[in-house]
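Peer 1: The primary structure of each chain is shown beneath.
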Amino acid sequence: MAGFAAVLRKDLRLELRGGESLVALVALSLLILVVMVFALDPAGGVRDAATAAGALWVALILAGVIGSSRVLLAERDNGCIRALIASPLDRGALYWAKLTAAFIFMAIAEAAAIVLMVLFFNLDFDWRLMRMAPVIALGALGFAALATLLAAITGRVRAGDMLLPLLAIPLFVPALIAGVKASGAALAGAPFAAIAQWLKILVAFDVLFVSAGSLLFEYVIGEE
Amino acid sequence: MTDAAPIAARGLFKSFGAAPVLRGVDLTVAAGFAALIIGRNGAGKSTLLRILAGLWSPDDGAALLFGEPSAALPPAARRRVGLVTHQSFLYPNLTARENLEFFCALYGVAGAPEQIARWLERVGLAVAADDRVRGFSRGMEQRLTLARALIHRPAALLMDEPFAALDAEGVAMAAALIGEALAGGCAIVLTAHQPLAIAKLEFALYEIVRGRLVARPADGGAEPRGAIDPRQPAA
Amino acid sequence: MNKIANLWLGGLTGVLMTAAIYMTFVYVPTEADQGIVQRIFYFHVPCAWVAFGAFGLVAIAGIFYLWLGQPVWDDLGYAAAEIGMVFCTLVLVTGSIWAKPIWSTWWTWDSRLTTTLILWLLYGGYLMLRAMADDTPQVARFAAVIGIVAAADVPVVIVSVRLWRTIHPAVLVTRQGGHGLEDPRMVATLLVALAAFTALFLWLLMLRFATLRMRARLGAIARGLNLAQAAAGDL
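Residue numbers (my numbering), protein chains in the order written: chain D, 1 to 224; chain Y, 225 to 459; chain S, 460 to 694.
Honestly, the hints are just simulated from the structure, not real lab data.
If you're wondering where the values come from, they're calculated on a predicted model, not measured in any experiment.
Where a beta carbon is used, it is the ideal one built from N, C-alpha and C, also for glycine.
Among the clues, some could well be false.
Unchecked claim - Sample of chain S residues facing chain Y (criterion: CB under 7 Å; computed from the structure): (1) 473; (2) 477; (3) 666; (4) 681; (5) 682.
Said to hold, decoys possible - Stretch by stretch, here's where chain D covers chain Y in the computed footprint (C-beta under 8 Å, at least three residues): (6) 244-258; (7) 295-303; (8) 313-319; (9) 358-364.
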């Protein structure tokens, strides 16, 4: 527990200081949303909740691939990951700390992306966004769990940066389908019952990947 | 704890691809003794150190710390190991003090703030304590690395070229720190390009020659002390 | 022993495959609604069966590798992934050829097609990792983890894709296969084709597995030779 707190505090402090992950995440989300607006052209006055939700999830995935893996990749500097492996720090504590940091950064970036989405796609700031919040939070958690496990692999392989999206995006498909559908329904003002089935899939995905990550992390972080 | 030697290697083999680097290295270092391993560039000194530290797995043989395989060391045993490698293990965007704070937290060092202040003083970085490591020179980084490796009072110390990039005063400081650790009963393995002429420090001297560890009597002709002879002593 | 097993399995595959081809093109009656193109079904379904089986084997081999650490499990997983990928590609290709005249489109986001495509992408990533990374125990552990995670993901993919399609306006409600097996000759043909493709899979798996084992042995021999050469240099 002490190790978990130490690593998380260190990561948050580094982030506040360097700000690489978070700034990159928000900037990428902004850029991707702009690209999506050009590509889909929703400015015809039509308020298309489904399109907005789709654009938001594209931003979540692409920004997540690049941004959330930074949390673990930052340990590559000066071989710090080796210091963590050689230290008394429990492997599980390392996983949970990295997952927590990645989730916090993703959640903040998604909050920013939602605001941008409302502005760019001519939506309203109202209760519908509140209904979408748990969907986005579950999606961010699932992606953070996935990225934390996979970054431990791709960070230690040649050309691994290219490999991360190739591995992460297909694995994320179920959460993506559920997330896009649930977000679209929530934005369109559908009742909670309409998104419940999608939330179930998201919860199942999160449980699966958080537990798979905590079980398998020790195998990917060990000696070379 | 067990009475097993703090640092031991048993018939270590390691190849990169098909090229052998270590061919049956045996080494035992008892508490309070130090082994100095020399060898030309690429002889396998760093490889041996990394295997002893459990960062790399050997092809064959066993690297043992406190009698347990290095790669599968329980946390309690890992707490008693100090490590200096070519990589500093320091976070560039943290200050010297913050780096040490983080490592103290990882190793559960008691009375961390006082210890950190004391160690920063010892390695001559008190004035740079609150500067980020990013701006440090190689020598300053190496000084902080020494503090980082020693602050939790390890019982086994693995140091890959601890004197690298240090000025004369820094070398004397590092030698004093190593001497203190030895006097405190720490077992030490360290590497260098050539035999070290450092007063008041006594090492069992070995050279890695073509993947094997060969005992070399020190310059004065004295037999290596403390460390047990490798499998095939020098003829 | 390997040679005998190879001959037996190869012979069995040849006989079964000849029978399957004969039954598919000559013996089995043409399906009334879909016409001649329905015959691809007897290759399509066995390919899907083999692909799913192979990917299941990748995960099982991965679990055993992480548990026992024996390289044979890694080689088995690698071989199964490669062959599974070939059959998964065949599933997509034969499915497309069938879909063009029946659904009048090469591709549709039907739930089974979509699931198969995701499966193909998942294991494409697995094979990319293996192709890009070196052949070390560490990478073998990475691959085992990816294989396990990918297999664990498949049920969630199936559920989500099915749910996605059912609430989507269904343009095409026709289910692939499943229909038109009222004639017992059709059932017989499918069973023989399944047996033939299973035998083909096992044969290919054995050959590929043996190749990978041989490569591992070759690496060990090369290392041993280099060690012997170096030892000779000691004299």
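Peer 1: State for each hint whether it applies.
Peer 2: For each hint, the structure was consulted:
Annotation: residue 473 of chain S was flagged as interfacial toward chain Y, and the flag is violated, the nearest CB pair being 39 Å apart, outside 7 Å. At its closest, the beta carbon of residue 477 of chain S sits 44 Å from a beta carbon of chain Y; the interface hint therefore is violated under the 7 Å criterion. For residue 666 of chain S, the interface hint is violated, the least distance from its beta-carbon to any beta-carbon of chain Y being 25 Å, above 7 Å. Satisfaction of the interface hint for residue 681 of chain S is found here, the shortest Cβ-Cβ separation to chain Y being roughly 4 Å, below the 7 Å cut-off.
The criterion of a C-beta within 7 Å of any C-beta in chain Y is met by residue 682 of chain S, whose closest approach is roughly 5 Å, and the hint holds. Counting residues of the region 244-258 of chain Y whose beta carbon lies closer than 8 Å to any beta carbon of chain D gives 0, which falls short of the minimum of three for the stated coverage. Chain D is given as covering the region 295-303 of chain Y, and this holds because 5 residues of the stretch bring a CB closer than 8 Å to a CB of that chain, at least three being needed. For the region 313-319 of chain Y, the proposed coverage by chain D is satisfied: 6 residues have a C-beta within less than 8 Å of a C-beta in that chain, meeting the threshold of three.
For a cut-off of 8 Å, the count of residues in the region 358-364 of chain Y with a CB near a CB of chain D stands at 0, and the three-residue condition is violated.
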